[in-house]
Amino acid sequence: MNKEELLQKVEDVIVDTFEIDRAIVKPEADLVADLDFDSLDAIELILQLEEQYDAKISAEKLKSSKTVQDVVDYLYELLVEQNVPETAEETS
Amino acid sequence: MGKTIRLISYLRMAVGTGSAFAIFGAGGLCLNILILLLELIPAEFAEKREHMMQKIVHYAFRAFYLYLKVFRLIDGKAKGQENLASGAYIFVANHPTLLDIVLILATLPKAVCVVKPEIMDSVYMRGVARTAAYISNEDGEQLIAACVEKLKQGTPVVIFPEGTRSLANGLADFKRSAAWIALKSGFPVVPAVLSISAPILMKDWKWYQLPPHSIEMLLEIHEPLYVEHVLENSNYDPVSARKFTTILQQFYEKKVIFNDNKRK
Numbered sequence: 000m001n002k003e004e005l006l007q008k009v010e011d012v013i014v015d016t017f018e019i020d021r022a023i024v025k026p027e028a029d030l031v032a033d034l035d036f037d038s039l040d041a042i043e044l045i046l047q048l049e050e051q052y053d054a055k056i057s058a059e060k061l062k063s064s065k066t067v068q069d070v071v072d073y074l075y076e077l078l079v080e081q082n083v084p085e086t087a088e089e090t091s
Numbered sequence: 000m001g002k003t004i005r006l007i008s009y010l011r012m013a014v015g016t017g018s019a020f021a022i023f024g025a026g027g028l029c030l031n032i033l034i035l036l037l038e039l040i041p042a043e044f045a046e047k048r049e050h051m052m053q054k055i056v057h058y059a060f061r062a063f064y065l066y067l068k069v070f071r072l073i074d075g076k077a078k079g080q081e082n083l084a085s086g087a088y089i090f091v092a093n094h095p096t097l098l099d100i101v102l103i104l105a106t107l108p109k110a111v112c113v114v115k116p117e118i119m120d121s122v123y124m125r126g127v128a129r130t131a132a133y134i135s136n137e138d139g140e141q142l143i144a145a146c147v148e149k150l151k152q153g154t155p156v157v158i159f160p161e162g163t164r165s166l167a168n169g170l171a172d173f174k175r176s177a178a179w180i181a182l183k184s185g186f187p188v189v190p191a192v193l194s195i196s197a198p199i200l201m202k203d204w205k206w207y208q209l210p211p212h213s214i215e216m217l218l219e220i221h222e223p224l225y226v227e228h229v230l231e232n233s234n235y236d237p238v239s240a241r242k243f244t245t246i247l248q249q250f251y252e253k254k255v256i257f258n259d260n261k262r263k
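Residue numbers (numbering that gives the first Met the number 0), protein chains in the order written: chain A, 0 to 91; chain B, 0 to 263.
If you're looking for bench data, these hints aren't it; they were derived computationally from the structure.
Note that this is a predicted model, so its numbers are computed, not measured.
Glycine residues also receive a C-beta, built at the ideal position from the N, C-alpha and C atoms.
Hints may contain errors.
Stated by the list, open to error - When the alpha-carbon atoms are kept at most 27 Å apart in a straight line, the in silico DSS-like pairs for lysine-lysine are as follows: (1) Lys62(A) x Lys115(B); (2) Lys2(B) x Lys65(A); (3) Lys242(B) x Lys62(A).
Said to hold, decoys possible - Pairwise CB distance ranges, derived in the manner of DEER restraints: (4) Ile23(A) x Thr163(B): 37 to 45 Å; (5) Tyr9(B) x Ala58(A): 34 to 42 Å; (6) Tyr75(A) x Phe20(B): 49 to 57 Å.
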């Protein structure tokens with residue numbers, strides 16, 4: 000999976016989990032300022048991504064992500080590092 | 000002549016408010032002596048100790064409001080107490096002034112407050128805040144867990160959904176803590192609307208920015224809101240928390256009017 004596909008997946012998770020308008024979920028969208036994330040939303044995002052990618056996500060690192068792209072960059076690095084299979088589990 | 004009377008009235012308010020601050024600070028320090036006595040209560044009765052401290056705060060704040068009323072600084076009133084649920088509840092309110100928490104705790108006989116971390120460290124308030132088991136809003140997850148625990152013990156929780164004092168000309172965006180707590184605990188939210196006849200001790204205001212006349216403050220307690228009654232799906236999830244917070248914010252947007260400080 001390349002970063003482009005991962006971005007698409009992360010955007011899907013955010014739209015589905017938080018029922019946020021897809022139009023505002025962009026790579027440069029600020030999680031707090033634009034998507035109105037709070038600390039519990041961050042945890043929910045971690046749970047959803049962990050479930051999808053069977054990867055152990057650091058809450059601290061994900062919470063320090065400012066934008067959607069930051070989340071994708073962190074997740075991409077993590078998946079490469081943890082050598083997680085490139086295909087995410089299909090949830091639907 | 001009119002100017003002189005205005006100046007005298009202002010000075011009366013300024014001296015009165017200044018002395019009220021001094022009394023508040025001195026009262027906080029005096030309560031520390033009581034706290035030393037309360038600390039003699041064995042740890043296994045911690046809950047009892049917390050309730051005793053909450054009761055002491057209730058009576059101390061009632062006395063403080065009596066002082067403010069007698070010296071014609073602030074006339075604080077509460078109405079709608081019949082809407083307070085018999086068990087525990089999440090008491091939410093707008094936060095127009097530093098003094099509203101005093102009126103709230105003078106009205107509620109037993110409650111824990113969600114407070115800023117600075118209060119937990121303040122030399123005047125930390126003794127009271129820690130002994131009464133107040134909860135810091137520093138960490139969202141810990142805050143929710145602690146509030147749910149207190150509610151299950153039967154203690155109402157007071158929370159300002161704006162997270163800080165209201166802005167001068169409008170409500171700040173509500174944080175979702177109250178919704179998360181309601182969704183997790185199942186306890187009702189009791190919304191209360193505070194209004195003041197003239198601005199005082201608002202966010203970023205100096206204590207001496209005062210009107211030259213006494214102020215009326217009203218705490219209006221509304222009927223409890225149950226998440227399961229207002230949401231189709233009241234699961235503990237981000238979507239429900241967002242929806243319930245929007246409902247709560249819309250409720251306050253309708254009830255609170257700024258500038259002329261009248262209510263709809």
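Comparing the hints with the structure gives:
1. For the given pair, lysine 62(A) sits about 21 Å from lysine 115(B) by alpha-carbon distance, which is consistent with the 27 Å threshold.
2. Among the hinted pairs, lysine 2(B) with lysine 65(A) is inconsistent with the structure: their alpha-carbon atoms are about 54 Å apart, more than 27 Å.
3. Note on lysine 242(B) and lysine 62(A): the hinted pairing holds, with a Cα-Cα distance of about 23 Å set against a maximum of 27 Å.
4. Look at isoleucine 23(A) against threonine 163(B): about 26 Å separates their beta carbons, and that is not inside 37 to 45 Å.
5. Our hint of 34 to 42 Å for tyrosine 9(B) and alanine 58(A) is violated, since their Cβ atoms are close to 52 Å apart.
6. Remark: the range hint 49 to 57 Å for tyrosine 75(A) to phenylalanine 20(B) is upheld by a beta-carbon distance near 55 Å.
Hints 2, 4 and 5 from the earlier list are contradicted by this structure; the remaining hints agree with it.
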